[in-house]
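**Student:** Residues per chain, in single letters:
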Amino acid sequence: MLSAPLVVLLQPRGLAWAGATAAGLVSFAIAVALAMAVLGGETQTYAMGGWPAPYGIALAVDDFSALVLLLVTGAGAAALLAARPSVDKQIEEERQPLFYAAWLLGLAGLAGIVVSADAFNIFVFMEISSLASYILIAGGPDRRALPAVFKYLIMGTIGATFYLIGVGLVYMMTGTLNLADMQARIGDVVDLNPILVAAGFITIGLALKAAVFPLHVWLPNAYTHAPHMVTVFLAACATKVALYVLIRFDSMVFQDKLSDHVIQFAMFAMPLAVLGILVASAVAMFEGNLKRLLGTSSVAQIGYILLGASFVSQAGITAGAMHMFNHALAKGGLFLAVACLAYHYRDLRLSQLGGAAARMPWTCAALVLCGLSLIGVPGTAGFISKWLLITAALDAGPWGWTLVIVILVSSLMAVVYVWRIVETLYFQAPATEETGIVEAPLQLLLMTWLVALLNIAFGLAPAIPLTLAEGSAAALLGGMP
Amino acid sequence: MNAETAILVAIVLPLAGALAIALAGRIGPNLRETMTLVTSAALIWVVWGMLPTLMADGRPAVTVGEVMPGLSIAFRVEPLGMLFAALASGLWLINSVYSIGYMRGNGEKHQTRFYVCFALALAATMGVAFAGNLFTLFLFYEALTLSTYPLVSHKGDAATVRSARVYLGILLSTSIGLFLPAIIWVYTAAGTGDFVLGGILEGKVAEPEVGLLLGLFVFGIAKAAVMPVHRWLPAAMVAPTPVSALLHAVAVVKAGVFTITKVIVYIFGVEFLFASPSSAWLMYPAAFTIIVASLVALRQTNIKRLLAYSTIAQLSYVVMAAAILKPHAEVGAAIHMVAHAFGKITLFFAAGAIYVASKKTEIYQLRGIGRRMPWTMAAFSIGALSMIGVPPTGGFVSKWYILAGAFEAENLVALFTIIASTVLNAAYFLPILYMAWFEREEADAKPHGEAPFAAVLALCVTALLTLGFFLFNGPVIELESQVVRGLT
Numbered sequence: 007m008l009s010a011p012l013v014v015l016l017q018p019r020g021l022a023w024a025g026a027t028a029a030g031l032v033s034f035a036i037a038v039a040l041a042m043a044v045l046g047g048e049t050q051t052y053a054m055g056g057w058p059a060p061y062g063i064a065l066a067v068d069d070f071s072a073l074v075l076l077l078v079t080g081a082g083a084a085a086l087l088a089a090r091p092s093v094d095k096q097i098e099e100e101r102q103p104l105f106y107a108a109w110l111l112g113l114a115g116l117a118g119i120v121v122s123a124d125a126f127n128i129f130v131f132m133e134i135s136s137l138a139s140y141i142l143i144a145g146g147p148d149r150r151a152l153p154a155v156f157k158y159l160i161m162g163t164i165g166a167t168f169y170l171i172g173v174g175l176v177y178m179m180t181g182t183l184n185l186a187d188m189q190a191r192i193g194d195v196v197d198l199n200p201i202l203v204a205a206g207f208i209t210i211g212l213a214l215k216a217a218v219f220p221l222h223v224w225l226p227n228a229y230t231h232a233p234h235m236v237t238v239f240l241a242a243c244a245t246k247v248a249l250y251v252l253i254r255f256d257s258m259v260f261q262d263k264l265s266d267h268v269i270q271f272a273m274f275a276m277p278l279a280v281l282g283i284l285v286a287s288a289v290a291m292f293e294g295n296l297k298r299l300l301g302t303s304s305v306a307q308i309g310y311i312l313l314g315a316s317f318v319s320q321a322g323i324t325a326g327a328m329h330m331f332n333h334a335l336a337k338g339g340l341f342l343a344v345a346c347l348a349y350h351y352r353d354l355r356l357s358q359l360g361g362a363a364a365r366m367p368w369t370c371a372a373l374v375l376c377g378l379s380l381i382g383v384p385g386t387a388g389f390i391s392k393w394l395l396i397t398a399a400l401d402a403g404p405w406g407w408t409l410v411i412v413i414l415v416s417s418l419m420a421v422v423y424v425w426r427i428v429e430t431l432y433f434q435a436p437a438t439e440e441t442g443i444v445e446a447p448l449q450l451l452l453m454t455w456l457v458a459l460l461n462i463a464f465g466l467a468p469a470i471p472l473t474l475a476e477g478s479a480a481a482l483l484g485g486m487p
Numbered sequence: 082m083n084a085e086t087a088i089l090v091a092i093v094l095p096l097a098g099a100l101a102i103a104l105a106g107r108i109g110p111n112l113r114e115t116m117t118l119v120t121s122a123a124l125i126w127v128v129w130g131m132l133p134t135l136m137a138d139g140r141p142a143v144t145v146g147e148v149m150p151g152l153s154i155a156f157r158v159e160p161l162g163m164l165f166a167a168l169a170s171g172l173w174l175i176n177s178v179y180s181i182g183y184m185r186g187n188g189e190k191h192q193t194r195f196y197v198c199f200a201l202a203l204a205a206t207m208g209v210a211f212a213g214n215l216f217t218l219f220l221f222y223e224a225l226t227l228s229t230y231p232l233v234s235h236k237g238d239a240a241t242v243r244s245a246r247v248y249l250g251i252l253l254s255t256s257i258g259l260f261l262p263a264i265i266w267v268y269t270a271a272g273t274g275d276f277v278l279g280g281i282l283e284g285k286v287a288e289p290e291v292g293l294l295l296g297l298f299v300f301g302i303a304k305a306a307v308m309p310v311h312r313w314l315p316a317a318m319v320a321p322t323p324v325s326a327l328l329h330a331v332a333v334v335k336a337g338v339f340t341i342t343k344v345i346v347y348i349f350g351v352e353f354l355f356a357s358p359s360s361a362w363l364m365y366p367a368a369f370t371i372i373v374a375s376l377v378a379l380r381q382t383n384i385k386r387l388l389a390y391s392t393i394a395q396l397s398y399v400v401m402a403a404a405i406l407k408p409h410a411e412v413g414a415a416i417h418m419v420a421h422a423f424g425k426i427t428l429f430f431a432a433g434a435i436y437v438a439s440k441k442t443e444i445y446q447l448r449g450i451g452r453r454m455p456w457t458m459a460a461f462s463i464g465a466l467s468m469i470g471v472p473p474t475g476g477f478v479s480k481w482y483i484l485a486g487a488f489e490a491e492n493l494v495a496l497f498t499i500i501a502s503t504v505l506n507a508a509y510f511l512p513i514l515y516m517a518w519f520e521r522e523e524a525d526a527k528p529h530g531e532a533p534f535a536a537v538l539a540l541c542v543t544a545l546l547t548l549g550f551f552l553f554n555g556p557v558i559e560l561e562s563q564v565v566r567g568l569t
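These protein sequences, in sequence, are chains A and B.
Position 456 of the first sequence, counted from 1, bears residue number 462 in our numbering, the numbering being contiguous throughout.
Position 262 of the second sequence, counted from 1, bears residue number 343 in our numbering, the numbering being contiguous throughout.
These aren't lab readings, by the way, just hints derived from the structure by calculation.
Remember, predicted model here, so these are calculated numbers, not experimental data.
From the three backbone atoms N, C-alpha and C, an ideal C-beta is built for every residue, glycine too.
Don't take each hint at face value.
Chain A stretches covered by chain B per the calculated footprint, using a threshold of three residues with CB under 8 Å from any CB of chain B [claimed, not checked]:
id, segment
1, 374-383
2, 406-420
Examples of chain A residues toward chain B, derived with CB under 8 Å [unchecked claim]:
id, residue
3, 390
4, 393
5, 396
6, 397
7, 400
8, 425
9, 429
10, 466
11, 467
12, 468
13, 472
Just a sample of chain A residues kept apart from chain B, beta carbon distances all over 10 Å, derived [to be verified]:
id, residue
14, 38
15, 90
16, 95
17, 130
18, 150
19, 168
20, 194
21, 292
22, 319
So that you can see chain B by itself, here it is in the shape it has in the complex (with noise of 0.2 Å):
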């Protein structure tokens, strides 16, 4: 296969797969769960075999059609993009495995419609991770908005409902008020709206309007969770924790800092950007909501609202690195994705068993439960301290290149903003490790033991790769330079 036509394999993969989920539903839960498995480790295959193509340069790209003239469905497949769709499908597969741990430990309902859901989201994942202009991205962003709302809606109660209407009004809201009038203003003014490396706006685009527009990307591409368009977030923790754990901390919010980053070095390009004056406020707003963040996340009680908080104030690592503007930076932006994916889908996959194992969703009811559930406490410290920055994990290898590319552009706020918010992420989360591990459990507590099997082995892959990537981060790195290959 070769890689133009892998990119639309890799689309309608997953599609097929939730129609063939749907389909295996009616005969037995064992045959689902298997369509699932199958589709994602095809999905891996299809996926990872593009790497070779990526890495010896090549940019493999293919039109769909054309819906109005100059505006056209294509794909193009770029180290942003491949790195992106590598880290879903890789991750979509352990997901799958905890998932079935996970709801079947619970005993939930619908469950055909969620794996069916999910298969969707992936697709629409992989659209927007492969997207060669920003209509086609556009397309697949609001198409992974609405397949993830039945996700987030799933338990149907009114608190849910409630929070999944904020969820879908905050995302639609934002990318219809203002990231589609930036993609419209895009294509009025360059005539195109392709991803080219470079930029398409020099010279397209008056000088203080360059800040605006790259006000409306920024806030209207909510799914980065930039304050104050960050509600949604704590609200999507309704949903079960597999899909806090791949969507809310991988797939969906990766999309939100994946796109604003592919508009910086694609659309408005780095050196473009770094020369208007205007486009300068990103930094603060990134910075802000760092800090803020982790100030409410130090105030959380519980476990998953206090990840969705610190999921908030990482993501915003990466639009501020991206803002940095320097190739460090840059490089940092794309491999912080990454370790932060591993880490936060091992703390939601703690989470997760915990909630399974000892019906346990509070952090005062963590105390001693580290020598309950070892295997899964382990993984929870080693996702903590990753959040944190500390060697040898993942966490700091990205932290590192980011704080290369502030002391390069001499960038003082952001130098201190990663200084302060480690501090801050230390605070947060060593209270909760010494509580599990050294604090005695209360006299009356129920006995319980460790979540499945299927749960417990996954987030046990993903603590191992966040080990793992602080060793084995050189093709990773390889690959993003590319982007960066010739900026100053």
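Next up, chain A with everything else stripped away, as it sits in the complex (with noise of 0.2 Å):
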């Protein structure tokens, strides 16, 4: 699976859709599988090289790495599947195939973070995935790209960094880089002092990679500015990826060790969840940027998938874990669409888009659909984990019911800037007198609609993710006392 962007480098310009299309499916189909021997109870790990678990180095996927890794390759997949009229339109042809490699890289870093059982290859993988995201965005034609990848290479960098301090420190306190190994030996570490250190480090670093507020500067630009398609596969997987770094990381390694650290834990991440989840909701509602908008209430569902995990409860790390799946489909369906009405439309704000939906109406129903995923109505995936994090909130305390009137506020603030958007395709008169708008290409529409429908079908039957989630707050917690 991490082998095949090496083949596509090799491809012909004309076949680097065709080739990079069939890794990205042939990697969700091992996800698949993977999830599959998961869901039947057993974890699959691999040595690379042949070397045993605490020296060599070593993958692992257990419900958690699954669900996530379900999650990339089906993103990866399905964006790659939809891309071919969207960056034909986009990219120069020359540089297709360079673009497509960067792809693959970029997905194989992801995947390669989630299957590691290693603290060091995080990273390894980690760089490898932001390395070739900046390739990525910056290779649209937007040159408002530069800068907002500049912001996001010094950011992601520093993230970067922070990451590799904290896990030196641990490495130097305990001798390991193997997660499990590390969370066995890290109770005879007699002085802690490092250690804590070690994960505010960590955590910092991680929560700057998954654009936590109020680390997220990078983030709205980025998306706004990209390449439609790299849009949609790194607004689905990308940052989850990190935040389950984080949380992975925080969890297993340091919450059943460090005494306090769980309180010290939710009360660093609870009130940057919450904050996140209102003010970025609140920008959200006066955006004037359909891709800035989208990107911006990114950072607010991030919150949501924050403030589950900072419950450290069984309820809300399967809040947290259901809302990264399930937030992905709603956004990357979004995403989705937007791409096909920017395979019309060059200028995305809001003001300019009146009227689409008479000339684009597959489309702008599969965004209608998609949002109402994002806001949480009944019968959608969003609903799912919004009905989890409400009764992990509900559960969590008497101060839940704060959490609960903060979860609601936001979802309320969802239906404005999701009803700005409706209001616009479908009521504004039309900024522009051009004629010759038509539905996007099948291929884009397609696929769009593949996810909307996605979205009702796991907001009716969750039965999958939910298992993979509850599982995985279950082994997280395990440690626990």
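Join these two chains into a complex; the hints should help.
**Tutor:** Listed below in structure tokens is the structure:
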């Protein structure tokens, strides 16, 4: 699965897309197979080069990684399948093989992070995926992407460095890089202060990568100016992978050994999550550019995931993990619909998109469906995670009600910003007199509708991700007293 | 077809109908309208076919699937839901006949979208009526809101979109902000949200919180339009009149009061609620709404807005009747849904017919219109008298039962409210009748006749139903009495 991108580097240009898509589909198939195996109750491990776990480089897949892996490869494959028309329009032909190669590198990096059982390897894969995503974002025709990427590059590098410092400190104290081994050995460490410092570095570093409020400033610009299909892919999974590492590292390695760390983590994450949810939703309500609006909303949605994790309870982590999955569905679908719109509309400011529904009815209908899922209307995937989150908040104690109010208020804000889009698309008079705007290419549209319908399907029958999410929560909390 | 299958068919049928209407819309309007009529007639056959089972104390139930552990999509038919579904499906057919006359007479655009959304709204209504637990009910409740949005914003101009925004904003924000937490609270406290006669919350929710939970439900279910969450209903009057007639006098608003009644009877339990002093407040906002909405109606000059405020008041009758918590009053609440539906749909049909025939929308324009449109205004008069509660109309029957319940509970607030609102109803309807029948129209008035035949036919039928309900209400009362059997 990880060697696939290298093959594609050699492909002639016409075949680049086909090769990349095939690789994406294969990796998705492998992820599905892994998830099936995990659902069957086994944890998959693979020791690279035949060295046993504590010494060699190990890969491991349990419920949590299976869920996120499904997400990453699914988003990658879906976006690649739909990518061709949009990419043909945005990227010059001779650069396309490089573009797809970078894409696969990014995919491999993200997948690598998820399956690694080794702290340093996570860093290596993180760098691979980051470098690839810098290239992808800057690869479009939009010159404004360059400053955006520069910002992302600086902040991403700081994040990665912080993470590396933290891992270094832990390695110094425990002498191992393997996560499971680390968890076992950290109990023997006498002086816990360096570990605490390490926990701080790792949390901040990963929060930067995950665009946790207020470390999110790179995200809206990067999403807005990236090529449309790259936005689909990155919005669906890139930040979630960083969050995945954050949650895994913190609960596996630190929480059960450092006394009071649970409270520290909750106290750190919860206010940030709440602030992120409220502030980002409020900003999204007044945003004028469609892509930036959705990007800002992503920051709020990341807040939901972090909020779920910050309960440090079975229900909370289940809700967080579910929201990772469901938000990827909703936001992926939305950005796919945006890519459809962008096929004909060059300017994605809301003021320019008036009356688009009359010209592209299918695209806009899919956009409304995914928007409903983002709001959390019952019958859609978004509702499931919102239900779980509220239930978890109610369990969380006397202040749970305040959090319920936060979640509900931000849902209402989501109604406002989604409905601004809907009213623009359906009721505003067209801003331009351009004729000849018709439906997006079938390939793009089909994938958009597939994702939109998946939003409904997983809203009515969420058994598979739910089992995985519950399994992850149980596994992550397994070491806790 | 057994009753279990009938439940599912009742929900799937309008959905399939919507698809058929959409396809037929490409071929021609006649085929499309045929599809609407066929679907609504078939729905009546399916829904009314369940009546004998219900009369024989049957409670058909079916579970479609489990979404999450403890959270399932399930349907269970009981007398309240049966009555609501029978009412909505029956009036849909009449309303479709009327729609054809109205929409064609007015030359409206986007008629296919109109009929498709109408069918979708009916599917959602059936889901609300037959829901077997709170989660299923919420699912269809939201579907009803969303499917009616395109109907409200039908015209598509700036003012309409603004009103539709109010409509959607209030309904969605209350349901997500208050109704949903109430539902989750019930599931967390009781471990289930199934509708069980006698309630599921006894001993599960402590005393002062019962009142709070009830508040979340009553104001979260904004479709019942208890003040101050009533503003969406006047806003919804920008929709074409058939929408106001069936959805905003019957299906949507009745879904609201139906849900509140259902929550009181099947989630709290009448006896549990009666024993909880903290829930006694519900009487007062309902009484307040009845009086204030009637006063506001007095000041309206637009016919449809007047009818909207009258609806708000009448809906709170149902809420208040349910809140009296006595058997007679609960039966009264159920039959008031029917009586008000017949009367109000007649009034809206008449208002729409006047608009189609003469483009008149204001009350002062109605001078002497009785001579030009005798059939329409006769029906209008019957509807108005039913709103006031004069025999021999349906409104009298339900008022009788609610008053009996109020006496039984020795509830002076309710008694006073009913009497005062009767006077107010008379005060805003009788001048219209006088104007229409006895005053002369202006000399420069443009001559016009009746509305298209389909519209007049529909409103005559509903007027007859209003009269008929006075005499032939036995089966309805018998059916609803099953709910309160065993209560003292």
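**Student:** Determine for every hint whether it applies to the structure shown.
**Tutor:** Status of the hints after comparison with the structure:
| no. | hint | verdict |
| --- | --- | --- |
| 1 | 374-383 | holds (count 4) |
| 2 | 406-420 | holds (count 5) |
| 3 | 390 | holds (7 Å) |
| 4 | 393 | holds (7 Å) |
| 5 | 396 | holds (5 Å) |
| 6 | 397 | holds (6 Å) |
| 7 | 400 | holds (5 Å) |
| 8 | 425 | holds (7 Å) |
| 9 | 429 | holds (6 Å) |
| 10 | 466 | holds (6 Å) |
| 11 | 467 | holds (7 Å) |
| 12 | 468 | holds (7 Å) |
| 13 | 472 | holds (6 Å) |
| 14 | 38 | holds (22 Å) |
| 15 | 90 | holds (30 Å) |
| 16 | 95 | holds (31 Å) |
| 17 | 130 | holds (38 Å) |
| 18 | 150 | holds (32 Å) |
| 19 | 168 | holds (38 Å) |
| 20 | 194 | holds (40 Å) |
| 21 | 292 | holds (16 Å) |
| 22 | 319 | holds (14 Å) |
Checked against the numbered hints listed earlier, the structure breaks none of them; every hint is satisfied.
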